[in-house]
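**Q** Dock chain B against chain A, hints included.
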Amino acid sequence: MRILLFLLFGWASAAAFSFAAGVTLPSGEMMKAPDSLLLNSITGIYEEVRFDHVLHDAYASCVECHHHLTGKPSAEPGCNYCHRIGTSASPVDCKSCHLVDRFSEESLSAQRNQTSYHIDIAGLIGAYHLKCVGCHLSITAGPTGCQDCHRKRENSASP
Amino acid sequence: MGAKFSRRTLLKGVLATAASAISMQPFKKTVAHDFQGYQSNRGVLVDLSRCIGCRSCEAACSREHGLAPPDEPPENFQLLEQPMQELRRPDQNAFTVVNSYESAPSDHPLFKKIQCNHCLEPACLTACFVNAYTKTPEGAVIYDADVCVGCRTCMVACPFSIPAFRYDSAFEARIMKCNFCFDSRLSKHKPPACVEACPMEALTFGYSNELLRVARKRIRDAPGKYQNAIYGEFEAGGTSWLYISPVPFEQAGFDLQVPRQPILHYVKDFLAVVPMVLTIWPGLFAGLYLLARSRKITDDSSNIEDMSDETIER
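Sequences listed follow chains A and B, in order.
All the letters of the first sequence, read from the start, carry residue numbers 1319 to 1477 under the working numbering.
All the letters of the second sequence, read from the start, carry residue numbers 12 to 325 under the working numbering.
Bound conformation, chain A alone (with noise of 0.2 angstroms):
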């Protein structure tokens, strides 16, 4: 019985987290954010890295991830300036802006826009890696080598 109460709880307190990381998108409509997230848009040598969205949603606010993206202001004061209105953007996945093939024409022509100023916008790999391992270091706590990610696939040819 007291097993069963201690799971309840245990859901009670994941529900809680996940209900508690949501994007009210600009209609009006709450989407609720994933509890975990398959990352598997490059697979290369390594397989798809599984990740924990609850847990993270603990340790970080929305905006430290997801910048300007879930309708509260940036961590970043000077994304402020231009990104203050304050409504959320529907897509709030990474790899909306960060693209998947950074050395792709669309990619390398946003780095020649003279017009733009986000001309260093970094691909897909760089942002999570740049993110993920940042942290990690910075807060001397997560995952920072390869595999413990990342879980290396049959027969694959060393990094």
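Below, computed lysine-lysine pairings styled on DSBU-like, alpha-carbon distance capped at 35 angstroms:
| # | chain 1 | residue 1 | chain 2 | residue 2 |
| --- | --- | --- | --- | --- |
| 1 | B | 228 | B | 199 |
| 2 | A | 1413 | B | 228 |
| 3 | B | 23 | B | 279 |
| 4 | A | 1470 | A | 1449 |
| 5 | A | 1449 | A | 1390 |
| 6 | B | 228 | A | 1449 |
| 7 | A | 1390 | B | 236 |
| 8 | B | 201 | A | 1413 |
| 9 | A | 1413 | B | 199 |
| 10 | B | 23 | B | 307 |
| 11 | A | 1350 | A | 1470 |
| 12 | A | 1413 | A | 1390 |
| 13 | A | 1350 | A | 1449 |
| 14 | A | 1413 | A | 1350 |
| 15 | B | 236 | A | 1413 |
| 16 | A | 1449 | A | 1413 |
| 17 | A | 1390 | B | 228 |
| 18 | A | 1470 | B | 201 |
| 19 | A | 1350 | A | 1390 |
| 20 | A | 1449 | B | 201 |
| 21 | B | 201 | B | 228 |
| 22 | A | 1449 | B | 199 |
| 23 | B | 236 | A | 1449 |
| 24 | B | 199 | A | 1470 |
| 25 | B | 236 | B | 201 |
| 26 | A | 1413 | A | 1470 |
Estimated spans, in silico, between C-beta atoms of each pair:
| # | chain 1 | residue 1 | chain 2 | residue 2 | range |
| --- | --- | --- | --- | --- | --- |
| 27 | B | 99 | A | 1364 | 26 to 36 angstroms |
| 28 | A | 1396 | B | 50 | 25 to 35 angstroms |
| 29 | A | 1368 | B | 181 | 51 to 61 angstroms |
| 30 | B | 167 | A | 1469 | 48 to 58 angstroms |
| 31 | B | 51 | A | 1362 | 26 to 36 angstroms |
| 32 | A | 1362 | B | 199 | 12 to 22 angstroms |
| 33 | A | 1411 | B | 167 | 52 to 62 angstroms |
| 34 | A | 1470 | B | 98 | 26 to 36 angstroms |
| 35 | B | 180 | A | 1376 | 52 to 62 angstroms |
| 36 | A | 1396 | B | 179 | 46 to 56 angstroms |
From the derived model, a few chain A residues whose C-beta atoms are all more than 12 angstroms from chain B:
| # | residue |
| --- | --- |
| 37 | 1351 |
| 38 | 1354 |
| 39 | 1370 |
| 40 | 1371 |
Keep in mind that the hints were calculated from the coordinates and are not lab data.
Backbone N, C-alpha and C fix where the C-beta goes; we use that ideal spot for every residue, glycine too.
**A** Below, chain B alone, put in the same frame as chain A:
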């Protein structure tokens, strides 16, 4: 007796002829056009604050060029805890190497990848007398082993000490250096293997003039994070590979003695004289010699005539 041809008149003649030769010829001072680099020059921006020393770039480079894989395979950022003790240089087995430096502000050492910087006006190219080097419009400084005579002047000329020589092969001795993956990638508008392999995107590929904008933006957007300078913007007349650093560049092992002008500028005046010396001087001095010799013969023969006259009178 004919005209007296003394040592003094000979010297006078030589000087006068040499002076007229120099002043007569259409000798324009060779001011090299101010070459700002190709507009299509590609480069790579290296952000030292991002590098975590995983050495994926080294492994990717070895694989791309069929070289021996690095001694220690890059696994799990072990080098974060074990900084490399000695500084390495690119050699015949590795076109690029990552070195670590002690750095106070960070909790891990500072890592710096070095390779050929692909100068806009390469010293190796200007030093090579058989034109084994080519600066391509895409930005790569490439090397042709077929014409190389193995003089290794380029190794002396390079301000960054990059070209290495394959000493251990008697029949395939050649210069070994990074070629920006020109044949396999850059000529097809693809980034070099090391850039593609970098998980932290510490290496950013692009057009050189755009990369300077990107570098300045990074410095401006994060006040205090970077030194307000871009290594390679001016060094040796500008390089394709550019570096921004969170610590002063001398602490990261950069040579700040590298002049800001292309190395060519320091030898240009001398080199302009070489063709003149080789083409004009032989003719000039051979002519003078013949002139002097022919006059001497005439002098000698008139002396003989005088002497014979004297003997007849006797």
